[in-house]
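The task is simple: from the sequences and hints, build the whole structure.
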Amino acid sequence: MVAATVGSNIIPILPELFNRRQKKRQSSACPELWALLDQVVDPEIPVISLWDLGVLQDIIKEDQQINVVITPTYSGCPAMFEMERDIVQTLSAAGYPSVAVETQLSPAWSTEMISAEGRQQLFDYGIAPPSVAKIIICPQCSSKNTQLLSQFGSTACKALYKCNDCLEPFDYFKCL
Amino acid sequence: MMNDKQPLINYVIALGDDSMILGQRLSEWCYHGPFLEEDLAITNVALDFIGRAQMFYEYASKLEEGARSADDIAFLRDTRDYRNLLIVELPVGDFAFTMARQLIVDLFNQLYLGQLAKSADPTLAAIAVKALKETDYHLRRSHDWVLRLGDGTDESHQRIQQGFDQLWGYVSELFVMTADESQLLAEKISVDRSALRDDWDTQLNSLLNEATLLRPDTDWQLSGGREGLHTEHHGHLLAEMQFIQRAYPGLKW
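These protein sequence lines map, in sequence, to chains A and B. Each residue of the first sequence is one higher than the one before, starting from 1 at the first, in this note's numbering. Each residue of the second sequence is one higher than the one before, starting from 1 at the first, in this note's numbering.
These are computed hints drawn from the structure, not numbers from a lab. Backbone N, C-alpha and C define an ideal beta-carbon position, used for all residues, glycine too. Certain hints may be false.
Here's a subset of chain A near chain B, in silico, CB distances under 8 Å, partners left out [to be verified]: (1) C30; (2) S75; (3) A79; (4) L105; (5) S106; (6) L149; (7) Q151; (8) G153.
Just a sample of chain A residues kept apart from chain B, beta carbon distances all over 10 Å, derived [stated by the list, open to error]: (9) S28; (10) W34; (11) A133; (12) L176.
Okay, structure coming up:
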């Protein structure tokens, strides 16, 4: 059996929202801070960084003051508080004591903001990444024969699926 | 404290109150859902509404220049100061009643937020765009449930019909403009609720029809939530929601 990967049959076009973020990162005056924050991961899915998840939007450094701009995934997501705390802790541990985290609502977070690496990390971790195609691939056995059990899974961002071949349930990261 | 932002503050808090109270009501289903998946789904929806309330209250707090925090607005106001619509404060009832209410509100929210997304106020527009995406999922789910219950067994059909019948008198309040909303409409900040009625009726009628349910024929109508005149249930809800902050003022998580 050929092991399917997430984007195996998809022409890799960068979604506009991801592209805009990437340009911001590439033209940043403080690339070392972006690299540092690559260590900060989603507390619920501890394999994906805030950058790859699309939560980290911008880092602005003025003298000693650092402002980090993030976008919440779901309105009531309790992980946002933990993410803010982890950002401040990571930066202060690296010698930047003055950090403010700002929440930006627009443009609204979208699963299009998740990077290609992030999608692969989700899949490897056992969570089917968001897909506009109707077919959701089982992250355990790569079968395409899967069915929706519930629109809402263990967290607001996920739906619950079941694989009809290996019979295992799995989480699917919903399109938003 | 009155200032020229007062109509906007009142408006933002009222929108927050609708979400806060409905989120609190839905969270009562936690551990009581008919099965595990539904328990998870309903509490996730509750969380979306509470998150939405938080965004509105944060904005109101900013407009008040920090005179009150978002938490103060949620936990330190009494029932007469709450401005939510009556329909969201009614007790959860049985599961069919809860789903009938969700369908009524989700359908309304989809129309309302679609308009609010075009608000001249950028913060309200941003909140609406975000909330609208979540509402699409909520509506898909409440729609599925109303179909399943309406077109299900005799028992489920009777219960969901009863849910709509009991809620019908509270529907008209969804479409009533407050003085603040009318004033803000002239500045293209708020949404004309009354103009949404025809679309809402058309869509709801088709959903009821699909679910083999009858459109209720109720002539009584209640309103007053926007003036702080609530049902007897409201105080009980606040008593539970606000207990910790009232008993231990300033307590932090």
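Subject >> chain B contact restraint for L149 (chain A) - C-beta distance below 8 Å >> reply: OK, holds: L149 (chain A) within 8 Å of chain B, min 6 Å.
**OP:** Under 8 Å, Cβ to Cβ, is where S75 (chain A) needs to be relative to chain B, so tell me if that hint holds or is violated.
**Re:** holds (3 Å)
**OP:** Please verify that hint: G153 (chain A), Cβ, nearest Cβ of chain B, below 8 Å or not.
**Re:** With Cβ-Cβ at 7 Å, under 8 Å, it holds.
**OP:** Determine whether the non-interface label on L176 (chain A) survives the test: each CB of chain B must be over 10 Å from its CB.
**Re:** Nearest chain B Cβ is 5 Å from L176 (chain A), so the label is violated.
Original post:
Should the hint that C30 (chain A) touches chain B count as held when the rule is a Cβ pair under 8 Å?
Top reply: violated (26 Å)
**OP:** Take a quick look at A133 (chain A) and tell me if its Cβ sits farther than 10 Å from every Cβ on chain B, holds or violated.
**Re:** Correct as stated: the minimum Cβ-Cβ distance to chain B is 18 Å, above 10 Å.
Subject >> Restraint satisfaction for S106 (chain A) [CB to CB of chain B, less than 8 Å] >> reply: holds (4 Å)
Subject >> Status of the hint placing L105 (chain A) at chain B (closest C-beta pair under 8 Å) >> reply: holds (4 Å)
Subject >> Closest C-beta approach of A79 (chain A) to chain B relative to 8 Å, hint status >> reply: With a closest approach of 11 Å, the A79 (chain A) hint is violated.
Original post:
Is the interface hint for Q151 (chain A) satisfied, with its Cβ closer than 8 Å to some Cβ of chain B?
Top reply: holds (5 Å)
Original post:
Beyond 10 Å from chain B, beta-carbon-wise, is S28 (chain A)?
Top reply: holds (24 Å)
**OP:** Say whether it holds or is violated: W34 (chain A) keeps its Cβ farther than 10 Å from all Cβ of chain B.
**Re:** Non-interface label on W34 (chain A) holds, nearest chain B Cβ at 24 Å vs cutoff 10 Å.
Of the numbered hints stated above, those contradicted by the structure are hints 1, 3 and 12, listed in ascending order.
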